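*Asks:* Okay, here's what each chain looks like letter by letter:
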Amino acid sequence: MAPRVQTRVSNSLLPYLTSTSSISSLPSSSSSQCFSRQFSVTAAPQTKLRRQMFEWLSTEGAELKHHIPGETNYVTRIKDGPMSATRPFPNNPNFVSESILSEELRNEVYNRVVEEKKSVRAVSMDLGIDMKRIAAVVRLVELEKRQREQGKHLALPYARAIHEMVPTTPLAEAGERQTYHEPINDLPAHPLTGAQIFYPVSESRPFNRVEAGRVFSSAPALEQHEAAEISHPSDLAEKVIENPKIIGWVGKGKNAREILQPADVRIPHPHMVALERDRMAHPNERRAVAERQTQRLERQDAAEQQRRDRAQARREKKLQTFTPEKSRFEYRIRETTYTEQTTGSDGRAPWAAGRRYGVPHRDRTRGEVKIPTRVEA
Amino acid sequence: MVLRIRLARFGNKHNPFFNIIVAQARSARGAKPLEVIGTYNPIPKRPTNLYNENADARPYKEIALDSSRAKYWLGVGAQPSDPVWKLMGMAGLVAPKPTTHDKA
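In order, the protein sequence lines correspond to chains A and B. Just so you know, the UniProt record's numbering puts 14 at position 14 of the first sequence, and the rest follows in order with no gaps. Just so you know, the UniProt record's numbering puts 15 at position 15 of the second sequence, and the rest follows in order with no gaps.
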C-alpha cells in the first residue's frame, strides 16, 4: 500500500498535539512537535480510544511518568494505592510480581558459598533462597567478576534502574532476621503420583507415605520388620543422604527405575522436617535441639563431600591427560574396556563406545526423535 | 599378512570421528575390523571455563582406549599406523613417535 502523505491530516492533528504537549512535562513547544509530525508518512487515525488515551495520560496517568526509586510503578497504584505494589495487572489480581534478589543479598550469597566455603544447603536455609537459585547466583557473580577483570562493559545503569523499579528482597541488617526470598522446600509433583490406583490394604497393616511410594512405582510392599524400623518417613531421609544406594530398584533393563521415595526424602531440605519434629518433641531444650541440627548438617555435608570425592577420584583414575608442549590442545585419554558386556554379544550394542559396524545411522530418518523424551526425576 | 592398529573414519562430512581398530593391513578402511579397541574424536571440545581455574584450560580432544587389548595386539606384532602411534605414544603404550626435529 502506498503511504498516504496528507498535510491536511497533520493539520487536523494539531489541536490534539498541542493539548498533549501542554500537559507533558517535556519542554518542547507545540510548533516543534507539529513540525516533526509532518515528516510522518502514515496518517495517524484520530480515534475515540486514542483521544481517551491522551486524556488519561494527561490526567491520571501523569503521575506514572516518572518512577519513584525503590517503589514499583504499576498502573494499579492509581486505583488501589500503594497496597497493590506487587500486582501489575488491574484485571488479573492473581498475578503477583515476585521480588528479585537485591545486590547486597546476592553478593552475600556469593561470599558465603565461595569465600566462607559454606555448603549450598546451609546458605539456602539461612537466607531463604532456593538451592538452584544459589547455584545460579554463584555462577553469575563469578561471570560478572571475570567480565570486570577483562574490562568488559557492564550494563550497570540498566541494572540500577531495574532494581529501583521491581520489588527486591533486601539483606537483613546485623542482628535482624533475614526475610525469606521464596519457599525453599517446594517439591514438583512427580509424574508417577499422577496415577489413580485402587489399592486395598488390610487394616492391620500400617500404610504410610513410604508404602504409597512403593505402590506408585509398583514395587512389592515392605516386609513387616522393615516397615517397623521406620518410625517416621523423615527418618529415611538421613539414611538416604548418607547412602543413596539403599533405595531399591524395580523393573529390568531399560525400564529399571528407583522406587519412588516419600516426599520427606525428596524435598530439597529434608533435615528441616527432622528439626521441626525435634523441636516438637523437646520444646524446652532449644540449645540441645540446635546442636543436634548442626551435627546433623555436618554429618550430611561430610557424607556428601566424601561421595563427591570418591566419584572424582574414580573419574580421574580412568582419565589420563596429555598436554603436548607445542600443541594448542590437550588430549584426554579415557580407559575403556571393550568386552561382551560393554559392546553386546554381537559387538554392536547401541550403548557401546565408538561407532558400530553394520548398524544403520538413523539420525536422519524421518520421525526420529533426537531430543530426550524422558527426564529422570 | 600384517596386522595394523589404525583409524577407521566414521561421522559425516566435516564431522570426523574415528574408531581405533585392529585389522588386516590390506583390508578396506570401512571393512569390519578384527576388533575395535578405542575411539578418537579429532574435533576439539572447549572446556566449560566458567570457573577461574579452567579459564586458561586448553581445548581438548577425546581419546578412549582399551589399553589391555592394545598391549595384547602390540605384543602379537600388530603395527600401529602413524596417527595411532602418536595417540598410543601419548597414552604411554609405545615409545613416542619421533618428530621431524628429533630425526634431523
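Since the hints were made in silico from the structure, they are not lab data. Any given hint might turn out to be false.
Calculated lysine to aspartate or glutamate pairs in the DMTMM-like style (CA-CA distance at most 25 Å, straight line) [as the list claims (entries may be wrong)]:
#1 B:K86 - A:E325
#2 A:K145 - B:E35
#3 B:K97 - A:E330
#4 B:K86 - A:E335
#5 B:K32 - A:D363
Source: prediction; values computed, not measured.
*Asks:* Could you run down the list of hints and mark each one as holding or not?
*Replies:* How the hints compare with the structure:
no.: 1; hint: B:K86 - A:E325; in the structure: 14 Å, holds
no.: 2; hint: A:K145 - B:E35; in the structure: 50 Å, violated
no.: 3; hint: B:K97 - A:E330; in the structure: 17 Å, holds
no.: 4; hint: B:K86 - A:E335; in the structure: 17 Å, holds
no.: 5; hint: B:K32 - A:D363; in the structure: 21 Å, holds
Of the numbered hints stated above, the single one contradicted by the structure is hint 2.
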